[in-house]
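Residue numbers (this note's numbering), protein chains in the order written: chain D, 1 to 115; chain R, 1 to 116.
Just so you know, the hints here were simulated from the structure itself, not pulled from any lab data.
Being a predicted model, the structure only gives us computed values, none of them experimental.
Every residue gets a Cβ at the ideal spot worked out from N, C-alpha and C, and that includes glycine.
There are no misleading hints in this set.
Sample of chain D residues lacking proximity to chain R, with all beta carbon distances greater than 10 Å (derived):
| id | residue |
| --- | --- |
| 1 | PRO10 |
| 2 | LEU11 |
| 3 | PRO14 |
| 4 | GLU15 |
| 5 | ASN22 |
| 6 | THR24 |
| 7 | GLN64 |
| 8 | ALA68 |
| 9 | TYR71 |
| 10 | ARG77 |
| 11 | THR112 |
| 12 | PRO115 |
Keeping only pairs whose Cα atoms sit at most 30 Å apart, straight-line, the calculated BS3-like set for lysine-lysine is:
| id | chain 1 | residue 1 | chain 2 | residue 2 |
| --- | --- | --- | --- | --- |
| 13 | R | LYS11 | D | LYS42 |
| 14 | D | LYS107 | R | LYS15 |
| 15 | D | LYS42 | R | LYS78 |
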Amino acid sequence: QKEVEQNSGPLSVPEGAIASLNCTYSDRGSQSFFWYRQYSGKSPELIMFIYSNGDKEDGRFTAQLNKASQYVSLLIRDSQPSDSATYLCAVGLLNSGGSNYKLTFGKGTLLTVNP
Amino acid sequence: GAGVSQTPSNKVTEKGKYVELRCDPISGHTALYWYRQSLGQGPEFLIYFQGTGAADDSGLPNDRFFAVRPEGSVSTLKIQRTERGDSAVYLCASSLYGGRAYNEQFFGPGTRLTVL
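Chain R with its partners taken away, still in its complex shape (with noise of 0.2 Å):
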């Protein structure tokens, strides 16, 4: 079956602007997670949805960013007023269940971002 999809993979903004970025996760997978990857850093953990709501949002930097995954399906990360230190790639993950200390993640390709 389909993983996890994310759009675009490629996204090159101005500083200042505007960006979302979609993930559709894998059919049934109720939880979904958003993940920030720097250049030679593992990824670091941003916000996590079960269904429709965020359970925890404490890996959010700033309030620049927010998430909604307003069905319980497909997630949308949004950065207001982008900063050069925005540019990484931006992972999205989803597993059967949540809340579990042994759940796999599967990771989608990710969104390369880049703010000039």
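For reference, chain D alone in the conformation it holds in the complex (with noise of 0.2 Å):
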């Protein structure tokens, strides 16, 4: 069973609207959230992080967790051209080892921006 799950897209939205990227997981011990872009060719990004239930908001970006439900998401406002990539959702959860929050990241979600 794969352990960060997301749909894979493309997901295509207008200029200005929200774009809603979702993310599941299947480790209740999981830590620590994360979302990072990736534009096509290049390395990831951090855009965001969260460790506690609720939302956390950064400009346009706002980040949404829910532990007992092992959702997290991510909504993005006044979508922008320049927001066109892949978004991966990553979960830290510590090692067996107790040596390493390890980051398991999902396959990404496409995003597409239409001007």
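Starting from two chains that each stand alone, build the complex the way the hints lay out.
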């Protein structure tokens, strides 16, 4: 069973709309949750992280976490064509040896914002 | 300041050959991570260094893969007897500290490895 699930998309929204990206994870012990953006042919860059239930806002981005439902989402308000990229959800879980909060990534959701 | 750098950016090799991939982390970052990203997939964890030691190598797929970080800065990922299935982008990331839940990992541009 895949540990971190994302809809691969593509998700297509018009410019100015709200884009909603979703992610579910399987391990209830997961402690930290990250959203990375990856442009085609480039490396991932961190947008936001969240670790407690509820919402966390940063500019046009809002991350939402619901640990009971094992669900994390990213909302992008006023979407711009420059937001077109693959969005990767990553979940941090302490390994069995206690030495590393290992990140497990989903496959990513491709977002296209149409002008 | 300079970000994470990786060399080479592209590497084409033949099946059975040995390759080395290099990562130069952000200066002062004690934690270094290697990931592998196949087409259409998210990055897959390979190994984590805290300083000079491999604190977690649970992601290395088999004993053909090995990584070192002898002085706690630059790291080299070594792949012996390469196979076509090893073809992927190998990403390196670093963070200021390791062993914490909320580390921000900064990724390098990656090395695209193609095994013919």
